[in-house]
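**Student:** Below, each chain spelled out in residue letters.
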Amino acid sequence: MTNHWIDIKNADVILIMGSNAAENHPISFKWVTEARKNGAILIHVDPRFTRTSAKADFYTRLRSGTDIAFLGGMINYILQKKKYFKEYVVEYTNASFIVNKKYGFKDGLFAGYDPKKRKYDKSYWAFELDRNGVPKRDKSLRHPRCVFQLLKKHYSRYTLDKVSKITGTPKEDLKKVYELYASTGRKDRSATLMYAMGWTQHTVGVQNIRAMCIIQLLLGNIGVAGGGINALRGESNVQGSTDHCLLFHIWPGYLKTPRASLKTLAEYNKKFTPKSPDPMSANWWQNYPKYSVSLLKAFFGDKATKANDFGYSWLPKLDDGQNAAWLILFDEMYKGNIKGFFAWGQNPACSGANADKNRKAMAKLDWMVNVNIFENETGSFWKGPDMDPKKIKTEVFFLPCAVSAEKEGSITNSGRWMQWRYKAANPPCGIKGDGEIMVELMNKIRKLYKKEKGVFPEPILNLNWPKEYNPHEIAKLINGYFMKDVTVKGKRFRKGEQVPSFAYLQDDGSTCSGNWLYCGSYTEKGNMAARRDKTQTEMQARIGLFPNWSWCWPVNRRILYNRASVDKHGRPWNPAKAVIRWTGSKWEGDVPDGGWPPLATGKGKYPFIMRKWGHGQIFGPGRADGPFPEHYEPLECPVKRNLMSSQRINPTVKLFETDADKWRSCDPRYPFVATTYRVTEHWQTGLLTRWQPWLVEAEPQLFVEMSEELAQLRGIKNGDKVVVESPRGKVTAVAIVTKRFKPFKILGQTVHQVGLPWCYGWVAPKDGGDSANLLTPSVGDPNTLIPETKAFMVNVRKR
Amino acid sequence: MGGKSFFIDTSRCTACRGCQIACKEWHGLPATPTKQWGSHQNPKDLNFYTYKLVRFSEHEKRGKLVWYFFPDQCRHCIEPPCKDVADGYVKGAIVKDSETGAIIYNLELMKKVPFDEVREACPYNIPRQDEKTGMVAKCDMCIDRVKAGLLPMCVKTCPTGAMNFGERDEMLALAQKRLAEVKRKFPNAQLCDPEDVRVIYLVLDNPKLYHKFAIASVTPGITRKAALRKLLNPVGFLQTLG
Chain A
16 MTNHWIDIKN ADVILIMGSN AAENHPISFK WVTEARKNGA ILIHVDPRFT RTSAKADFYT
76 RLRSGTDIAF LGGMINYILQ KKKYFKEYVV EYTNASFIVN KKYGFKDGLF AGYDPKKRKY
136 DKSYWAFELD RNGVPKRDKS LRHPRCVFQL LKKHYSRYTL DKVSKITGTP KEDLKKVYEL
196 YASTGRKDRS ATLMYAMGWT QHTVGVQNIR AMCIIQLLLG NIGVAGGGIN ALRGESNVQG
256 STDHCLLFHI WPGYLKTPRA SLKTLAEYNK KFTPKSPDPM SANWWQNYPK YSVSLLKAFF
316 GDKATKANDF GYSWLPKLDD GQNAAWLILF DEMYKGNIKG FFAWGQNPAC SGANADKNRK
376 AMAKLDWMVN VNIFENETGS FWKGPDMDPK KIKTEVFFLP CAVSAEKEGS ITNSGRWMQW
436 RYKAANPPCG IKGDGEIMVE LMNKIRKLYK KEKGVFPEPI LNLNWPKEYN PHEIAKLING
496 YFMKDVTVKG KRFRKGEQVP SFAYLQDDGS TCSGNWLYCG SYTEKGNMAA RRDKTQTEMQ
556 ARIGLFPNWS WCWPVNRRIL YNRASVDKHG RPWNPAKAVI RWTGSKWEGD VPDGGWPPLA
616 TGKGKYPFIM RKWGHGQIFG PGRADGPFPE HYEPLECPVK RNLMSSQRIN PTVKLFETDA
676 DKWRSCDPRY PFVATTYRVT EHWQTGLLTR WQPWLVEAEP QLFVEMSEEL AQLRGIKNGD
736 KVVVESPRGK VTAVAIVTKR FKPFKILGQT VHQVGLPWCY GWVAPKDGGD SANLLTPSVG
796 DPNTLIPETK AFMVNVRKR
Chain B
2 MGGKSFFIDT SRCTACRGCQ IACKEWHGLP ATPTKQWGSH QNPKDLNFYT YKLVRFSEHE
62 KRGKLVWYFF PDQCRHCIEP PCKDVADGYV KGAIVKDSET GAIIYNLELM KKVPFDEVRE
122 ACPYNIPRQD EKTGMVAKCD MCIDRVKAGL LPMCVKTCPT GAMNFGERDE MLALAQKRLA
182 EVKRKFPNAQ LCDPEDVRVI YLVLDNPKLY HKFAIASVTP GITRKAALRK LLNPVGFLQT
242 LG
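First to last, the sequence lines map onto chains A and B.
Position in the first sequence (from 1) plus 15 gives the number in the numbering used here.
Position in the second sequence (from 1) plus 1 gives the number in the numbering used here.
Don't take every hint at face value.
Said to hold, decoys possible - Computed spacing ranges between beta-carbons, pair by pair:
| # | chain 1 | residue 1 | chain 2 | residue 2 | range |
| --- | --- | --- | --- | --- | --- |
| 1 | A | Lys549 | B | Arg120 | 44 to 50 angstroms |
| 2 | A | Trp359 | B | Arg120 | 51 to 57 angstroms |
| 3 | B | Pro34 | A | Glu672 | 55 to 61 angstroms |
| 4 | A | Lys736 | B | Arg63 | 32 to 38 angstroms |
| 5 | B | Ala181 | A | Lys101 | 37 to 43 angstroms |
| 6 | B | Pro31 | A | Gly445 | 27 to 33 angstroms |
| 7 | A | Pro481 | B | Thr134 | 53 to 59 angstroms |
| 8 | A | Lys482 | B | Thr134 | 44 to 50 angstroms |
| 9 | B | Glu80 | A | Ala439 | 26 to 32 angstroms |
As the list claims (entries may be wrong) - Here are a few chain A residues that face chain B, going by a calculated C-beta distance under 8 angstroms:
| # | residue |
| --- | --- |
| 10 | Pro41 |
| 11 | Arg66 |
| 12 | Asp381 |
| 13 | Thr704 |
| 14 | Pro708 |
| 15 | Val711 |
| 16 | Glu712 |
| 17 | Ala713 |
| 18 | Val749 |
| 19 | Ala750 |
| 20 | Ile751 |
| 21 | Val752 |
| 22 | Thr753 |
| 23 | Arg755 |
What the hints assert, rightly or not - To be clear about the criterion: a stretch of chain A counts as covered by chain B if any three or more of its residues have a C-beta under 8 angstroms from a C-beta of chain B, and this derived list gives those stretches:
| # | segment |
| --- | --- |
| 24 | 42-48 |
| 25 | 714-726 |
The hints are simulated quantities; they were obtained by calculation from the structure and are not laboratory data.
Here a beta-carbon is modelled for each residue, glycine too, at the ideal position from N, C-alpha and C.
Work out the full structure: start from the sequences and follow the hints.
**Tutor:** What follows is the structure, given as structure tokens:
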């Protein structure tokens with residue numbers, strides 16, 4: 016989230032799209048309800064009428080996988096009707112930047128496409144630079160190659176008529192949503208966007224969100240109270256685990272994972288440290304080496320020295336061009352290229368797309384360690400449906416572990432608040448927490464290395480590793496401390512003292528920090544995440560900002576990009592809901608994005624400080640699939656051609672090629688669009704909740720929701736058992752025949768859609784049914800490889 | 002008239018069913034076996050082990066879909082007809098707590114009161130019997146919590162402010178205030194029998210669209226059977242009225 020949960024109440028318009036917030040994020044509705052009480056309009060756009068739609072002031076439907084068409088139409092509407100916030104667009108976004116002459120877009124392809132590699136050469140999308148190396152700008156927005164004009168041209172194709180034919184949304188509904196949402200392109204109004212997996216789990220997932228970013232930038236809704244792009248995370252600590260490098264391509268704090276060709280620390284730092292010759296751009300990532308060296312110091316402590324590149328060479332590197340995302344890992348596992356697997360706090364036998372491929376892949380392993388709370392479909396895959404235990408060689412170890420309430424530590428919520436939690440109870444039977452298991456395991460490995468002298472022992476033996484797990488010590492290391500007595504910015508610090516903020520981190524080895532973003536969370540003042548103080552100023556109270564309650568990254572800033580909430584003089588666009596304000600000598604309100612005075616003083620910086628050029632990116636030249644979002648159909652879809660271009664699917668999508676990667680588009684055997692979702696009553700794959708009798712009582716069995724029209728077509732009655740099948744697998748489910756699904760009119764054809772939850776599995780409860788992910792395809796977004804589980808094709812028949 | 006009341010603002014209810022589950026948790030009630038039966042409403046109905054049930058109903062009105070949620074529970078009537086019935090049989094099987102106004106069933110004594118009469122007497126179709134033991138149960142206003150100064154569990158757990166609890170006059174005032182607010186957008190909005198019950202629902206539409214028994218199905222007060230009993234056994238009846 017750029018903003019945070021409470022801030023939702025400040026919005027004048029709330030759009031929930033790609034999310035069923037009322038069911039999957041029930042607490043979010045506390046603030047949605049508060050906003051509505053204050054007069055806000057709630058809009059919900061979703062293929063299915065859900066409990067969220069039931070609370071919306073306006074609900075409309077779209078076919079799964081057509082969000083970019085829907086949003087592209089909104090961009091077109093905002094530009095045509097001149098609803099954008101012009102001063103904001105000109106000053107704070109890259110709308111005025113001039114793009115180089117090589118850029119182009121034709122029939123669904125941007126310039127620079129290589130059809131063999133299915134990849135773009137992004138140099139075709141570069142900005143045109145002036146003599147100083149700064150992008151040329153035309154603040155009149157008239158230059159034919161300025162971003163604004165390219166945007167206008169690109170989205171002029173997204174007419175109401177075309178959008179309606181693709182999405183199946185009635186034209187008058189499209190207009191109504193556009194009108195309501197675009198009404199916030201004014202100083203005194205803001206709109207927020209709440210999205211979740213309904214946007215990310217597509218082959219165009221990243222561009223779904225990019226499209227909305229463009230809208231929010233055009234309307235001046237980023238950085239302001241009641242604005243922002245707000246990702247509702249799928250678990251309470253998804254934000255925290257991502258910050259701390261759960262994913263393969265990043266190190267803690269969104270530093271980059273090094274590649275094999277970057278042999279030295281100097282090469283690594285050079286590659287990832289952007290240089291901006293524009294003095295007005297803060298270009299915050301210029302500090303990259305301070306964060307990377309401090310991280311290495313946290314990893315290796317005193318063993319990391321300047322002479323040994325702070326241990327850079329001891330860390331594993333990805334091969335150049337290598338992708339190690341989830342889908343790739345399971346593809347490699349399926350091909351027999353992975354020997355061992357730690358399934359830690361996850362249930363890929365049910366949670367992963369194309370679950371049957373994952374289940375079969377696990378049979379190719381030599382060993383698996385399953386760390387979890389209950390027996391589950393992953394650890395027990397070998398005795399699952401269609402498995403012959405006699406033929407499976409995989410040795411499975413099950414390590415029971417403590418649940419969240421049995422552990423002390425922090426959770427970082429969607430709003431980036433790091434909240435410390437105390438231990439409520441001890442785990443039973445001497446069961447250990449994850450941290451304890453990791454520390455003990457590594458200490459055992461270190462002992463073996465010492466004794467048996469393994470190959471390349473340095474990373475193992477030089478690791479700064481505790482004897483015992485202590486969450487406070489880990490939290491202090493994540494914050495970082497001074498490794499020697501040192502003076503930084505005129506301030507003296509003693510060796511061992513906690514670093515007060517990342518502004519004090521150094522690239523010479525004098526500081527360590529396990530995650531620069533969390534520097535400031537555990538200082539000499541104590542554990543900031545444990546704070547529960549509701550003190551606030553009157554200005555903060557007006558927007559529900561509690562700076563002394565827990566701690567928020569970065570530097571306790573509650574609303575990101577908040578320098579964009581004020582004009583060049585530091586005056587809030589909307590004084591009634593001011594986030595920050597320049598008093599003439601200092602900023603008040605939230606922690607500003609950098610302490611520099613306002614732009615008009617000549618000593619200021621552009622507000623988007625994490626971007627190289629300091630501007631909000633309407634034109635995004637860094638993505639794999641193009642600088643502007645473009646509609647492509649899902650890998651499996653009900654239409655033979657994409658109405659927008661002759662590229663049916665995202666041209667940069669990676670297609671897997673094993674015998675388990677079957678997909679069929681526009682195939683009469685699989686005529687219905689399907690999507691998956693969660694329910695309030697079960698948690699993710701249901702691993703925790705399926706053992707909870709009260710929750711099973713409330714949602715006992717796998718169901719498939721369908722329209723009355725489709726039910727009639729297939730002779731299905733409400734409550735009937737039906738079979739849902741895709742090219743990859745099938746499940747038995749109970750039909751819920753409902754008015755909440757309706758057939759779509761797509762390109763003049765009637766298209767039916769169904770939906771089913773993925774929270775069940777064969778282990779428990781009995782007759783609960785199996786995972787809907789047995790149906791979903793293993794294909795992902797080209798930027799993230801998040802699988803497309805929200806739009807695929809199935810058949811439904813009576814059992 | 003003092004005592005406590007609930008105000009249930011269905012316009013704020015998202016049917017998360019936190020109240021339904023929390024009720025079971027506090028009372029230590031077991032789950033009843035259920036099947037998916039073509040609805041998210043589960044268990045299908047209130048039962049001996051389920052005092053609180055969120056009811057789901059979808060309707061199409063002039064092409065516009067609505068999905069109404071109704072967290073159903075005992076209304077703790079001001080003049081409870083079920084008590085009139087029980088009083089005709091066993092003194093103390095149903096009591097009204099003088100401080101809060103909560104209507105409390107004595108599980109053991111209720112075995113001696115004919116269940117069909119109790120159920121028929123209830124204008125909201127609430128009491129449920131355990132066929133094996135003959136005991137009858139329903140929402141007890143979390144009387145143990147309330148006496149200890151705590152909120153009823155369903156209120157405590159509600160994330161959206163749909164469930165409210167407090168002094169009766171405060172709840173009535175809150176209900177009237179919210180009704181006035183929502184009336185502007187929903188002219189059919191109304192409070193369900195606010196003068197007769199301690200659990201006051203705000204609905205945005207015809208109450209029958211939420212639940213058949215959202216408003217009283219028979220005139221609250223004394224039922225035909227109870228009246229008959231009064232005629233036949235005036236002494237016993239008077240005794241119970243004490």
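**Student:** Confirm or reject each hint.
**Tutor:** Results for each hint:
no.: 1; hint: Lys549/A x Arg120/B: 44 to 50 angstroms; in the structure: holds (48 angstroms)
no.: 2; hint: Trp359/A x Arg120/B: 51 to 57 angstroms; in the structure: holds (52 angstroms)
no.: 3; hint: Pro34/B x Glu672/A: 55 to 61 angstroms; in the structure: violated (46 angstroms)
no.: 4; hint: Lys736/A x Arg63/B: 32 to 38 angstroms; in the structure: holds (34 angstroms)
no.: 5; hint: Ala181/B x Lys101/A: 37 to 43 angstroms; in the structure: holds (40 angstroms)
no.: 6; hint: Pro31/B x Gly445/A: 27 to 33 angstroms; in the structure: holds (30 angstroms)
no.: 7; hint: Pro481/A x Thr134/B: 53 to 59 angstroms; in the structure: holds (57 angstroms)
no.: 8; hint: Lys482/A x Thr134/B: 44 to 50 angstroms; in the structure: violated (58 angstroms)
no.: 9; hint: Glu80/B x Ala439/A: 26 to 32 angstroms; in the structure: violated (44 angstroms)
no.: 10; hint: Pro41; in the structure: holds (4 angstroms)
no.: 11; hint: Arg66; in the structure: holds (5 angstroms)
no.: 12; hint: Asp381; in the structure: violated (40 angstroms)
no.: 13; hint: Thr704; in the structure: violated (11 angstroms)
no.: 14; hint: Pro708; in the structure: holds (4 angstroms)
no.: 15; hint: Val711; in the structure: holds (7 angstroms)
no.: 16; hint: Glu712; in the structure: holds (4 angstroms)
no.: 17; hint: Ala713; in the structure: holds (5 angstroms)
no.: 18; hint: Val749; in the structure: holds (4 angstroms)
no.: 19; hint: Ala750; in the structure: holds (7 angstroms)
no.: 20; hint: Ile751; in the structure: holds (5 angstroms)
no.: 21; hint: Val752; in the structure: holds (7 angstroms)
no.: 22; hint: Thr753; in the structure: holds (7 angstroms)
no.: 23; hint: Arg755; in the structure: holds (6 angstroms)
no.: 24; hint: 42-48; in the structure: holds (count 4)
no.: 25; hint: 714-726; in the structure: holds (count 5)
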